[in-house]
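**Student:** Let the sequences and hints guide you as you build the complete structure.
Residue numbers (my numbering), protein chains in the order written: chain A, 656 to 987; chain B, 656 to 987.
Some hints could be false.
If several chains are the same, the list does not tell them apart, and a pair holds so long as it fits within one copy or across any two.
[Stated by the list, open to error] In the DSS-like style, the derived pairs of lysine-lysine whose C-alpha atoms are separated by at most 27 Å in a straight line are:
id, residue 1, residue 2
1, Lys935, Lys945
2, Lys817, Lys833
3, Lys887, Lys848
4, Lys911, Lys887
Think of the hints as simulated: they come from the structure by calculation, not from any bench.
Every value quoted in this text rests on a predicted model; they were computed, and no experiment measured them.
2 protein chains.
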Amino acid sequence: MDASSPQNDGVLLLPEVLLLRPSALALPFTAGLGAHFRLLDPLDSPEPARSFLSSRCRAVRALLCLFSPALPVKAETLDLLPSLELVVVSSAGLEHVDLPYCRRRGIAVTNASAAFCEDGADYAVGLLIDVMRRVSHGDRFVRAGSWPVQGELPLGFKLGGKRVGIVGLGNIGSETAKRLASFGCNIAYYSRKERLHVPYTYYANVHDLAANSNILVLCCALTEDTRHIINKDVMSALGNEGIIINVGRGALVDEKELVQRLVRGEIGGAGLDVFEHEPKVPDELFVMDKVVLSPHRAVFTPESLEGVQELIIGNLKAFFSNEPLRSLVQYE
Amino acid sequence: MDASSPQNDGVLLLPEVLLLRPSALALPFTAGLGAHFRLLDPLDSPEPARSFLSSRCRAVRALLCLFSPALPVKAETLDLLPSLELVVVSSAGLEHVDLPYCRRRGIAVTNASAAFCEDGADYAVGLLIDVMRRVSHGDRFVRAGSWPVQGELPLGFKLGGKRVGIVGLGNIGSETAKRLASFGCNIAYYSRKERLHVPYTYYANVHDLAANSNILVLCCALTEDTRHIINKDVMSALGNEGIIINVGRGALVDEKELVQRLVRGEIGGAGLDVFEHEPKVPDELFVMDKVVLSPHRAVFTPESLEGVQELIIGNLKAFFSNEPLRSLVQYE
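**Tutor:** Now the structure itself:
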């Protein structure tokens, strides 16, 4: 009997899963996982991590990487795991995983964007309504006691009829598009390739999408191709009234350029859940009413974390049962 | 030739419309209206208003009431206008109009909720996402510089799967329901009577709706029947985790009771665009992170005001041409 067909008569017979996690992380998932898998956790061992991997993990077939963009899953780690066949990632983003390496070695990768996409889309829409309609601004205005004194808050703008360009029509982007369509927005998108069977206009590059949009919503993965995809030229094409919503990753945007344009009035507003050097946020933004600033919370709710745990367990169980993975990342 | 069939050869031949407006109101609409109608404005006359109405307006058939809930259209005014057949109101709410009186005299009333409903629904959804996902709270947290210091903001809650009870399935309520369905919310509603051909669960009273909802969204008109419709019993039925969104009128809610329950943790949160004694807002709310406070902005954008002007002119033109009114209020 091998580890892929465990009997339920002892923890040692459960399939082994190597766990990589930040040391500070409280582990809401451990209990749920421990019932199905034997977790090998270098942080539980007195051995140095590399030595633990070399000595204890040579037969490990599955690696679970928990909320750890700070823990890159790169060649130097993966080289120590000759039996590895699967990397299960608990985030939506995969910028910390060396995908080309995994592809070369035939290692399957799963992510969790399917569990995060609804919350991410809800939050993108919330940020957009907030920027357009000045919700946070109005809340500040009322709390400061300004309403009876200053009277009317400046009007915001209507969502309906606005042209929204979605950058990255993956799970989060698709859910965002579905929601914004119900507000009467006109949806277009940029993606590496055109999606069949979607009712939205496709642009083959972000510049043209920006030039034809009032609003850009950034939902794509951060890769070397998408780093600073929203650069000076794209912001210029979007125009002085344009609005940028970012629920992807901070480095999708040339943040320095964005801040300068906001200061100069060369972009209309922004709703930012992520920042290039978070938790550091550029000071200039703190005094602006046309931005909404959020501490990287778009995809996180108790419900989404429950969904992630369920998806992780589902992927690992599928793997050890030779069934199709639930959220396999497609290499392109 | 009477006033209902004017020739375009002089302003005196345009149909007369009596205008009631607050003295402080800048009139974005006057130019557009002046091309089609001769406006009789008591504020332009040195005569006292009552005397102006008695002497100048006995033949007036149409009254336009501009953004003036502070200017009640009551019997004492209407009694001075024996020829009146139409009251055109520029707001969605009609609490300042004596509808039973108008009904008795056969005076038609139009309102502008059709022009405001999309913005009102957008804002209701924005307030709900904000309360559920702590958007304004997060914005305060980041602006205060707390993110690098305090770390994680507490998680909010997912919208999908929540039971949303819409109080008043009129124009704004219907548009709100349509949007929230795209977020995966389960929609139910209370209305004076059940609507045919809507896919949402109907409750014949607000208490039962609250008992079966996680969230109440208030979109109904303020009348004597709906004043304090959200009272102690309804809040109790909604429960300690329940959320109230109000884009209707402040007096739909027993505000004192709501504030006490928020203080005691007997209601989960609230997104309030309107208040019982606005612009006065209860001080206790200013320090709460579970509420979002908004200075009565839900339905106002440049686009909605343009739509209101268009609707007002459309109703008046239809009236003077004996065509069907565009937004006739149905008496019940």
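**Student:** Hints first: check each against the structure and report whether it holds.
**Tutor:** To see whether the hints hold, each was checked on the structure:
Proximity of Lys935 and Lys945 under a CA criterion of 27 Å is satisfied in both settings, with 19 Å inside one chain copy and 25 Å between copies. Both within a single protomer and between protomers do Lys817 and Lys833 lie at most 27 Å apart by alpha-carbon distance, with minima of 15 Å and 18 Å respectively. In this assembly of identical chains, Lys887 and Lys848 lie within 27 Å of each other by CA distance solely inside one copy; the values are 23 Å within and 55 Å between copies. Only within a single protomer do Lys911 and Lys887 lie at most 27 Å apart by alpha-carbon distance; the minimum there is 10 Å, versus 51 Å between protomers.
Every hint, counting from the list given before, is met by this structure.
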